[in-house]
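Peer 1: For reference, the chains in residue letters:
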Amino acid sequence: MVSTTVQARKRQEVPDVPAGRRRFRLDLRTTPARLRLLLAVLVLLSVAWGALAAFAANTYASAASGVVTTREPLSFGALQIYSRLSDANDAATTAFLTGGLEPAAVRQRYLADISAAETGLEGVTARGGAGQGSTATDLRALAVDIPVYSGEIETARADNRLGLPLGAAYLREASALMRDTLLPAAQGLYDAENASLGATSARATGLPLIAVTVVIGIGIGCCLYLVSRWLSRRTNRVFNYGLLAAGLAIVVSLAWLAFAYANARSNLLTAQARGSTPVGALARVDIAAQQAHADESLTLIDNGGDDSYQSDYVSLQRALGPGQETLLTAAQAAAAGSPAASAVTAMVADARGWFNAHASLRKLDDSGNHADAVQSALGNLPGDAATWFGQFSAHLATGMTADQAAFDSSAQVGSSAFAGLEPGVIAVALVMAVACAWGLGRRLREYR
Amino acid sequence: MRHAAVALAAVAALVTAAGCATAPGPGAGSAAPAPVARSAVAVRAVSRVSARAGAATACNPKAASLAPDGAPRVTTGSFMAKIRARGYLIAGVDQSTYHFGYLNPLDGQIEGFDIDMIRAVAKAIFGNPDKVQYKVISDAQRIPDTMNGSVDIVADTMTITCDRLTQVDFSSVYFDAHQRILVLNNSAVNSLPALAGQKVCVTQGSDSGSNLLRLSGARKPVLVSVPYWTDCLVLLQQDQVAAISTDDSILDGLKAQDPFTKVVGPELTDEPYGLAISKQHQDFVRFVNGVLAKERSDGGWAASYARWVGAPVPQPPPAQYAS
Chain A
-10 MVSTTVQARK RQEVPDVPAG RRRFRLDLRT TPARLRLLLA VLVLLSVAWG ALAAFAANTY
50 ASAASGVVTT REPLSFGALQ IYSRLSDAND AATTAFLTGG LEPAAVRQRY LADISAAETG
110 LEGVTARGGA GQGSTATDLR ALAVDIPVYS GEIETARADN RLGLPLGAAY LREASALMRD
170 TLLPAAQGLY DAENASLGAT SARATGLPLI AVTVVIGIGI GCCLYLVSRW LSRRTNRVFN
230 YGLLAAGLAI VVSLAWLAFA YANARSNLLT AQARGSTPVG ALARVDIAAQ QAHADESLTL
290 IDNGGDDSYQ SDYVSLQRAL GPGQETLLTA AQAAAAGSPA ASAVTAMVAD ARGWFNAHAS
350 LRKLDDSGNH ADAVQSALGN LPGDAATWFG QFSAHLATGM TADQAAFDSS AQVGSSAFAG
410 LEPGVIAVAL VMAVACAWGL GRRLREYR
Chain Y
1189 MRHAAVALAA VAALVTAAGC ATAPGPGAGS AAPAPVARSA VAVRAVSRVS ARAGAATACN
1249 PKAASLAPDG APRVTTGSFM AKIRARGYLI AGVDQSTYHF GYLNPLDGQI EGFDIDMIRA
1309 VAKAIFGNPD KVQYKVISDA QRIPDTMNGS VDIVADTMTI TCDRLTQVDF SSVYFDAHQR
1369 ILVLNNSAVN SLPALAGQKV CVTQGSDSGS NLLRLSGARK PVLVSVPYWT DCLVLLQQDQ
1429 VAAISTDDSI LDGLKAQDPF TKVVGPELTD EPYGLAISKQ HQDFVRFVNG VLAKERSDGG
1489 WAASYARWVG APVPQPPPAQ YAS
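If you're matching them up, the sequences are chains A and Y in order. Under the working numbering, residues -10 to 437 are what the first sequence spells out, in order. Under the working numbering, residues 1189 to 1511 are what the second sequence spells out, in order.
Careful: at least some of the hints might be erroneous.
In silico DSS-like links for lysine-lysine, alpha-carbon gap of 25 Å or less [said to hold, decoys possible]: (1) Y:Lys1482 - A:Lys352; (2) Y:Lys1270 - A:Lys352; (3) Y:Lys1408 - Y:Lys1270.
Facing chain A, from chain Y, some residues (calculated, C-beta under 10 Å) [stated by the list, open to error]: (4) Thr1285; (5) Leu1411; (6) Val1412; (7) Pro1415; (8) Asp1419; (9) Leu1423.
Hints in this document: simulated from the structure, not taken from any laboratory. We put the CB at the ideal spot given by N, CA and C, even for glycine.
Given only the sequences and the hints, what does the whole structure look like? Please build it.
Peer 2: This is the structure in structure tokens:
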């Protein structure tokens, strides 16, 4: 069938073809010429297949390894910056709330938080560069204002040690810088990194490229089959071992590609479902809860000056829930079935306990028992707001660590599914090319 | 005779209040001081004249309070009796004005000259100056909190003005302050006109800002408002404002926290401080004035002044009453 159409087309075209090409075309009437042409086409197809398969393997492998080695650490690093900064502010305000000399443990917590936030910032910049657009702005804001913030905290501390009320004013200033500039920048950074993580994960698991590759691979396989059928009719040999080997090779590379892809996809999707999605939901809970906790302290420090901190607390409590479309319920849903599930359930119960303890703390403060309210905010007795919040934070941290580990292990497995795939498909394509050349070459030699 | 005097006093009080309501502008702590009446009798005379003339006069913030009924006594059914039954006095104070009302970071206590006045009132009610619940309020909250009863009394470097007298009652004057200007030591500013177009820090709800705008004429400074006076000092230390302008009492407290600052320029205004009390508790106003009278005479006022403001200790502001 192939030969008849070629001949038909050739007959029509002959008059217009220049002399040199006419000879080539005329040669096609003979079987050796046709064999030569087929040999060239099949070798080219093999090489093209190698290139396409290698491109697909490379695209998936680099996206998967990008998830594991770059995007995920960046996203986690950005989250760390946020969480350590927020905790630092919480520690600094708590130190003031205690009155008199600050407890050494609180001071240590503050210092550790600030140095962790700065190290995290260095890490994110080293891994991800200066960034673009809003990420660049956020990174710059953090780099510039973390030292300003800690400078204000130290001034507040120095004034406080001298017994000057000016210290409290510097604390207010520092806290405002944290809330209005640093935390929004850290949150922006985290959101951007998390979005990149999602995009890279989507690329590592995306269907179109693998579908196109497999369709083209099957098409090339069909070509091989048609050529070998034509050849067996021409030569009365049932098998051409070269073409058979080439056919086997393309089946092997197709199967390898499909298997690696399916394996990586399922692992990366598991990493998402049981890892990064619940961690992201827990991170949102963490961010809101830490802000609410700082509000609790600042309301007590401000001592009735204005109720903006308390109204902020109330709106954050509403956002946390639990209830429909709240952060806690979303986290619980996201963590269901993940290693963090039990810790998250406990965390939701702690949150309720903390909200209740906070309500009684406010009642104490509003009825003039400021000292008792402060005791509840700082103490470690059962029922104290501080005790509940401590438990809440511990369960939150346990949940995040567990799901982070689940992400890491699944994503590692997913990424390693692509190991050796790219050189493998290139080698197999070369085998294909050689096998085609060898198989058709042997037939060709029979005409000499 | 006595009945006639009480009736006269009531008329005078009404007239004074009406005067304040209709003519809030000129008298409010102005540079040109309102006619200072030396005694309660003189005030009554002025009021009677104006009442006869049928015209509203400028009120006198320094003599707008109610005279005490002798020594302070907690009578049955009075507001003081209610406070005593509650067990503590609720006082609205500041926690950031050094030497007047501030939270001492060293011991976590609220202290200062204003606080001493409150302690004297608590002592008169309970026999114990510690029976006070301090509610820290910002300048802007002083009047609303007094009016809605969330505090019994406000002691927060609060100037008696005719505007405010329409909303709350004040005790007799317990401190005489004057608005001035605080700048950094290396500043060339030495008067209000030199601040034209420059940023000057004031607190929200204080009358210092409106005084500046009124007194500076066409050469107005740019006002920057913050919640507390210490916030102003932070801005001054960070070179975000050129000056802070408010009562010298507050400025001295800021200067004490930063020796690289100085108070400059003439006294811009007259700021008589009073303790603010709801208009519903006139018995309490008289009671507090009794306490202040005792503080003036027994050396309590002078001792507080010496402790918080320093030597030399002047004579306490004389007590003047509208009735």
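Peer 1: Could you run down the list of hints and mark each one as holding or not?
Peer 2: Results of checking the hints against the structure:
1. Y:Lys1482 - A:Lys352: violated, 37 Å
2. Y:Lys1270 - A:Lys352: Measuring from Cα to Cα gives roughly 22 Å; hence the hint holds.
3. Y:Lys1408 - Y:Lys1270: violated, 48 Å
4. Thr1285: At about 8 Å, which falls below the 10 Å cut-off, the nearest Cβ of chain A leaves the hint on threonine 1285 of chain Y intact, so it holds.
5. Leu1411: At about 18 Å, which exceeds the 10 Å cut-off, the nearest Cβ of chain A leaves the hint on leucine 1411 of chain Y violated.
6. Val1412: At 13 Å from the nearest chain A Cβ, valine 1412 of chain Y fails the 10 Å test, so the hint is violated.
7. Pro1415: Hint holds; proline 1415 of chain Y Cβ to chain A Cβ min 7 Å, cut 10 Å.
8. Asp1419: holds, 5 Å
9. Leu1423: holds, 9 Å
Hint check: violations occur at hints 1, 3, 5 and 6; the rest are consistent with the structure.
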